[in-house]
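J.: Now for the letters of each chain:
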Amino acid sequence: MRSALQQPFKTAVLVLVWGWLLFLVFTPNLLVVGASVMTRDPGSFIALPFSLDAYRQLLNPLYLEVFLHSLYMAAMTTLCCLLIGYPFAWALSKVPKQRQMLLIFLLIVPFWTNSLVRTYALKLILATNGLLNNALLGLGVIEEPVRLLYTEGAVIIGLVYLLLPFMILPLYSVFDDLREDYLRASHDLGAGRWPTFIHVIVPLTLPGVLAGIMLVLLPAMGLFFVPDILGGSRNLLVGNVIKNQFLDARNWPFGAAASILLTLAMAFLMFAHKLSKKRLGEDGV
Amino acid sequence: MSRWLPRGYLAIVYGLLYAPIIVLVVFSFNDSRTGYEWGGLSWRWYESLFNNRAMVEAMWNSLWLALSAATVSTLIGALTALALHRYRFRGKKVLNGMLFVVMMSPEIVLAISLLALFLLVGLQLGYVSLLLAHVTFCLPFVVITVMARLSGFDERLPEAARDLGANDFTMTRTVLIPVIMPALLAGWLLGFTLSLDDVVVSTFVSGPSYEILPLRIYSMVRVGLKPEVNALGTLLLVFSLVMLMLSQWILTRSKQ
Chain A
1 MRSALQQPFK TAVLVLVWGW LLFLVFTPNL LVVGASVMTR DPGSFIALPF SLDAYRQLLN
61 PLYLEVFLHS LYMAAMTTLC CLLIGYPFAW ALSKVPKQRQ MLLIFLLIVP FWTNSLVRTY
121 ALKLILATNG LLNNALLGLG VIEEPVRLLY TEGAVIIGLV YLLLPFMILP LYSVFDDLRE
181 DYLRASHDLG AGRWPTFIHV IVPLTLPGVL AGIMLVLLPA MGLFFVPDIL GGSRNLLVGN
241 VIKNQFLDAR NWPFGAAASI LLTLAMAFLM FAHKLSKKRL GEDGV
Chain B
1 MSRWLPRGYL AIVYGLLYAP IIVLVVFSFN DSRTGYEWGG LSWRWYESLF NNRAMVEAMW
61 NSLWLALSAA TVSTLIGALT ALALHRYRFR GKKVLNGMLF VVMMSPEIVL AISLLALFLL
121 VGLQLGYVSL LLAHVTFCLP FVVITVMARL SGFDERLPEA ARDLGANDFT MTRTVLIPVI
181 MPALLAGWLL GFTLSLDDVV VSTFVSGPSY EILPLRIYSM VRVGLKPEVN ALGTLLLVFS
241 LVMLMLSQWI LTRSKQ
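Going line by line, the protein sequences match chains A and B.
Its first residue numbered 1, the first sequence is counted upward by one per residue in the UniProt record's numbering.
Its first residue numbered 1, the second sequence is counted upward by one per residue in the UniProt record's numbering.
Heads up, a few of these hints could be off.
[To be verified] Straight-line alpha carbon distances no greater than 27 Å define the calculated DSSO-like cross-link-like pairs of lysine-lysine that follow:
(1) B/K92 <-> A/K10
(2) A/K94 <-> A/K277
(3) A/K278 <-> B/K93
Derived by calculation from the structure, the hints in this document are not laboratory data.
The following block holds chain B by itself, in its conformation from the complex (with noise of 0.2 Å):
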């Protein structure tokens, strides 16, 4: 076989893969409201983006559950990973499947049951109710990263911990947090991410108290174009993208 017919077949699929995104950036600078057209180089629509209060405040409370959601899955994920790799406890099992069904399961599964448990629970829709949520689908994320980062670490190091009289305590911060630091920043980015883009399971869980950015953007999308949205994608784009380059720099400098 030729070496150009796979690296051919391989830039084509990336182009089409790319297409969209490109396309969508360069609309956001098109001055022409019809947004077929190109209407020359303009800033108007970023401007109108952030000239519509209800949007900022949508980024805004996105940006906050995003950030908290990330903190705290980040911080119950990597117990969750010390406990499965250090204990020996009944359910073990159990706890791994409910996990792995949490990160396989649709989407729209996930998102249904937690809305019947908020509403049967009472609890009212809203920030507290998205975080618990995110929470729960960026957990097996951040448990998967964490546990990689311990399969392959040296046994010995906490048993030596063990043996200058540090308590388990004592030992998981001192030599443990160390060691796992850059899996805990990859899973936080991560889970940063996934709670920015979520969209299916935010549309059962949120309420009017509290709007959030992919539910903004829903329903601008379904009636007809919207140029403000290429902007806003564009925004999302970079943003996602720095994430996404400084956890793989986090990764790849943990490893030499």
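Bound conformation, chain A alone (with noise of 0.2 Å):
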């Protein structure tokens, strides 16, 4: 192995990279988890002595109903952008590969455009003097305007809007792989379209829709500025909860702990992923 002095390139790339990672991804993360665990200080916002209020502060029953109508509105986000996904992606995977590059592409045009401006989009049509109100007052549907806005559906249409195209992508690239003689083995075998649906399409996506609800799940809890324009001030997300404590009610280690519990859930749902696709692998598929 030749000395650092004789690859001085190498050696100026690693130190580089290095030290940007160190400085900006593992020390800012330990910072996090260190003030998670300080006491609350008004000037220099963290201060000693080491405690476990701030953990003990998430049990608080206020907190915790606004934690789990988080996980609530998160969850239902993730399982309509499941229900609308899945099929979609299935759809999507049997259209004519020319025109799949097409349409994949005009599903990640949304994506590279300001989320904040399409949120912005969705509460002109949502509006209580909006078009879809206006639109069913035209039509008969209703007599009244209905109050779209500032309601626990607004903001999960909003993520739902925001997040499906991270549901549809991994979905689509295991539909993709799918292979063709499973489904025609399995009918020669005498199963019909439910049972094959049950044992052979379901668990051979099953990567793709963890993958999905991972993607779709964590930011759901986290896209403060989706209840900030179309929820109000009774449908806060765990990351308006975070928001506040850092930038208002500057308490960094409760802001901290709530920021650690996101961290846990997404280390948890990365390690029921990984365990899918090695199960998968496992069985020989």
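Reassemble the complex: the two chains are provided individually, in unrelated frames, and hints are given to aid placement.
T.: Here you go:
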């Protein structure tokens, strides 16, 4: 092995990359873990002594309710994305190959446009005197404008709208890999459509489902600007709580503890995803 | 199953995905102030947008930030990808893992961790803190794009260059860089767009000295409807579309 002096280029690159990641990824994360076990301080944000108060505060019924409500909205968002995205990805994988590329391009165009602006566009549609209400009134479906904005439903619609592509893309990739011979084999062995779906298609697409859940569920708890624009003050996400604790209430330990909760949730989902892939591999598929 | 059922379903979902965007674009040319009724064609919101000095300044700030963040992250990201691809070194897995964590962790977690860092080291929140943060979240995407390109690359080329007497630096400059050029451009465009659209991280690490577009939009849309936002959104949409098409064009052309 040549020494560092003989490979100045390699050394320079490694120092730069390691330096960046240690300073801007590793240290900051360590700070958050540290902050979560310290005491709140009005001057310097955090202070000794160490304490687990922040974690105890997570169990405070007031916040627990916010977290559970946020989890519920995120779960509903994920479920809606899955229900819309699963047949969508399936249908997409059946389209002729050349057109598939165009359709996927169309799917990621919104992903490249400002999510705030798209959330705002939803507001135009959902507002009490907005387009949807006007259309429904015009059609005579409703007698009076319905309040759609500033409801739990509006937040879920907003989150589904922003996150749907993240569910569809991993699902599409598993459907794209799904080999026709398995389906034919299942059919030849006498299985009907429903048993084939349950015993062949669902297990084979499970890694995609879990990847999709991972990419939707967590952002659905963090995108604080969606409730800010569509949900009013009663439909908060964990992200709103973290943001308030850091930027307004200046309670860093509590905000840090809440964000560690999110990170742990992410780690758990990633573990489940890995496990499902491994199991598929061992089954020899 | 009939062929038309899945196709109809695809069409409906695409329709729903695009409806808000179309509404936004159409309403940006709407003369009516209320924002819900059609009042005839007009450029007035585009005019009022460009007559708003704070808005124009935020636009320039955002463009400059995106430009510099994309450039720095492409530079560091490309070097990282090269190091991961070419060298064996201790802690390679850890490095990979850290990049993966940045990409997967919820944006808000990254945001508060960077805020904590900047405040504790006493860095004033502004252009520099925004740049450091944006480069950090763009980095993994550049690394992935470049790695994908490198994985399909003939390993004998750098060996040949070495045999002809080139050192690592010369070999990288004359052999590797030309090969990964399309990936560098695509990574740069991706970084540019990510930076321009970011809301979550910027909310935490920006200060009053350097106002950028997403935050300006954020403060506008929180209270009621602002027709100027329609015009601004349309401009951003066209801009992102051009960037996306450019990067697709570069990537497909390089494959041929």
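J.: All hints, please: hold or fail.
T.: Here is what the structure says about each hint:
For the suggested pair B/K92 and A/K10, the alpha carbons sit about 13 Å apart, so the restraint of at most 27 Å is met. Distance hint between A/K94 and A/K277 is fulfilled; the C-alpha atoms sit about 24 Å from each other, no more than 27 Å. A C-alpha spacing of about 19 Å is found between A/K278 and B/K93, which places the hinted pair at or below 27 Å, so the restraint holds.
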